[in-house]
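Enquirer: Now for the letters of each chain:
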Amino acid sequence: MIVQHEPKQEVLARSAAILDGLRAILPASNVIGDALRLKPYETDGLAAYRQPPLAVALPTTTEEVAAVMAYCHREGIRVVPRGAGTSLSGGALPMADSVVLGLMKMNRILEIDYADRLAVVQAGVTNIGITNAVSAEGFFYAPDPSSQLACMIGGNVMMNSGGAHCLRYGVTANNLLGLKIVTVDGQIIEIGGAHCDAAGLDWLGLITGSEGQLAIVTEVTVRILRSPEGQRAMLAAFDAIDVAGACVDAIIGSGIIPVALEFMDKPCIHACEAFAHAGYPMDAEAMLIIEVEGSTAEQDELLGRIRAICDRFNPISMKVSNSVEESMAIWKGRKGAFGAVGRISPDYLCMDGTIPTSQLPHVLRRIGEMSAECGLGVANVFHAGDGNLHPLIMFDANDPESFHKAETFGADILKLCVEVGGCLTGEHGVGVEKRDLMTVQFNETELDQQRRVKSAFDPDWLLNPSKVFPLKLPAARSLTLAAE
Amino acid sequence: MSPVTETALQEAILAAHDTAEPIWVYGQGSKAATMRPVQAARSLTTAQLSGITLYSPSELILSARAGTPIVEIEAALASNNQHIIAEPPDFSRLLGATTPQTIGGVVATNLSGPRRVAWGAMRDHVMGVRAVNGMGEAIRSGGRVLKNVTGLDLCKLLTGSHGTLAVMSEITIKVLPAPERRATLAFAGLDAAHAVAALSAALGSPYGVSGAAYLPADAASMVPMVSWLGGSVTLVRIEDFAPSVAYRADRLRADMAPFGAAEILDDGASRALWSAVRDAAPLPAAPQDAIWRVSVRPSAGPRVARALQLEFGAQYFLDWGGGLVWIAGPATAAAHEAVCEIARAEFGTWTLFRAPEALRLACAVIPPEPAPLAAIAARVKAAFDPKCILNPGRMRAGQ
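Line by line, the protein sequences give chains A and B.
Take 1 as the starting number for the first sequence in my numbering and just add one per residue.
Take 1 as the starting number for the second sequence in my numbering and just add one per residue.
Treat the hints loosely; a few may be bogus.
[Said to hold, decoys possible] Chain A is faced by these chain B residues, among others (derived, beta-carbon under 10 Å):
#1 37
#2 38
#3 39
#4 139
#5 145
#6 154
#7 157
#8 161
#9 200
#10 229
#11 240
#12 296
#13 297
#14 299
#15 303
[What the hints assert, rightly or not] Here are a few chain B residues that face chain A, going by a calculated C-beta distance under 10 Å:
#16 143
#17 166
#18 306
#19 310
#20 362
Just so you know, these hints were derived from the structure itself, not from any lab.
All C-beta atoms in this analysis are idealised placements derived from N, C-alpha and C, irrespective of residue type, glycine included.
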């Protein structure tokens, strides 16, 4: 079980009064305090960790969020913000003495402006909900995390979510114009707006990806983009991982940036094929899915160039889609990869490191050796263009030893990512899952610098506690306060 | 002080920290004439922290020490047909600078060119930094990979912080393949409102427009590549593989026929034209004029320009689809207040980009922050630079 800060006993002792306090701010139906109804909030997408909160508050307006925050601040109550609860790093895991601030009722789209190419939405609008709202006019919201049907834009901002198409369109941070935030003490601040590049410090960039450590996000102004004329995928399979990696280098070196460039290893190909019957080559050691966009003629041109490059690496098979249906078939296995692994193993841990792409053969070889050593299977999917690696470690959650081995295996993979010049997390966030590995990537001076920035926003460390930073008392705090 | 290693940089800052003496921090000083002047006992240049330390074209990554001249980086990238995505401008002419700008200076000021409208700002492509804070501590954030959400994103916080939080010693940026070909559609004779409608149509098309600017007649006359068209010009850039550029230019010309018959400028003319737009060369600013950059939602650009023409006969041009308004006018407090007022009314932001030192000291050169944010900002400043020695007052008086 994950270690958290000690719950504040004086807060636990006042739980009934705190529920009354919240009900004085919100309609009673939007405050949850009974054990049964708290159950759904005890975990998120990282279901191995569970902890029911003291209460759940479900505000419907920014002003209500501000009132709840002011109340909790006054009372010294910790607050855990939550969107759809799809975090894979335990980013929304409650503490026993915390109020979960659920933003899912703030699900309205406030403004869409096609001429200025932006949309203003509340934090609880789903990622796909934005695209759905603008698709009739031929627009879309670019970041597309695989949880996009469920995950909410507020959570996307907090985790700086990516997706399969970031190589071309960037991550969440690159697709934002403005935020409305509520500070830990309940003040409402507008950051940025409908324009580019607000003068002064880049608060928008700092808050994006801050995992609920700095402020609550209630409204988001996103850039919307016109959809391309079309897109088409191809598949190329190779008999060695190194060869597939070299092929990726050659494609990018030729000046082509495909909108998606996905890599799957043999265990992943097999799991996906058994699940989706996508026609993947079962004898391949590695497979690439490459997607381009543009008019049909432009797709032909780009796919022709890419095919010529792949040919130089002796692919054991290659398939270029000729239609939307064929592209969907190629993607079908990849998009179902997590579910496919879930079918062949009782449970799996989805890891999320990033590595310099040149290190891929070395890293996959090492992961294979580790897998053999600990006796747990692993399947690898990889956003090959940007180096984001997702090893899926297979284990059995009913067997404590298996779970422990999986956690250790996962940590070893992430340490390896850092060792070869990469990082602990490319898009899932640190959360509780990778919190204690932060010292692998950062030294204490660097962690203290980050802690002091956190303290500048949240001097009492009430926001999303026990996440991101290794548990130690924020000694750095006194420095900040002394300087005031 | 001109340290040649990061350790020497740490020692220089630590010494100033121990005596609480403010430092004017700069690269080559090419942008010293913008923002507020720093009154400091010491000065520190990163000019000698120079050189590209890592360039991996297939990983789309380049690292360089802060004092590396941008031209050196651009040359290295060009030899592999790659480029800096945000197209950083060179304002030497505008600011009367004779020194080359450095990667540290470009990142510290977060200045981006025309491609910003489609591909993001400089800060969007800063993947990693090494820096020394106001206590002489070396810190790193980000790294050398393209996707990284590990810990707070101090890269973004330091980008655009004008050296007020920490002194960057090394920077890693994402780069991309340079386009094979460029072309520009030029529509003659539109007024500003119709021009921005045209630019919105272009940017809202599926044809990957990467530049969208409007030069009113006076501004267009400053640029030889378009002055021959006579009157105002509305400019739409496409950059891509050669067959795509030809196809997309045709489609855009057909789809945008309601805005007039577009002239197509070829690759060479497009390069020269967009370099000029990037560097604000079309702005008809007299040597004694003040210059402002106002950023608003694109549809508000023409209203901002119109209001300031009426107010003080402003000269201007629009970039970023109408959202970036470059303004020239008298270097007076009254003109400055008029710029601030219209920017506020349109919920935008502004920078007094060039003005005599007296005006830059007397006025706010960027908007003030709302009180709760200013309080946070003061604590963030203290979190990096508790003795307030790094470029004090550079962005705002007393900060």
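Enquirer: Flag every earlier hint the structure violates by its number, smallest first.
Expert: Numbers 1, 2, 3, 10, 15, 18, 19, 20, in rising order.
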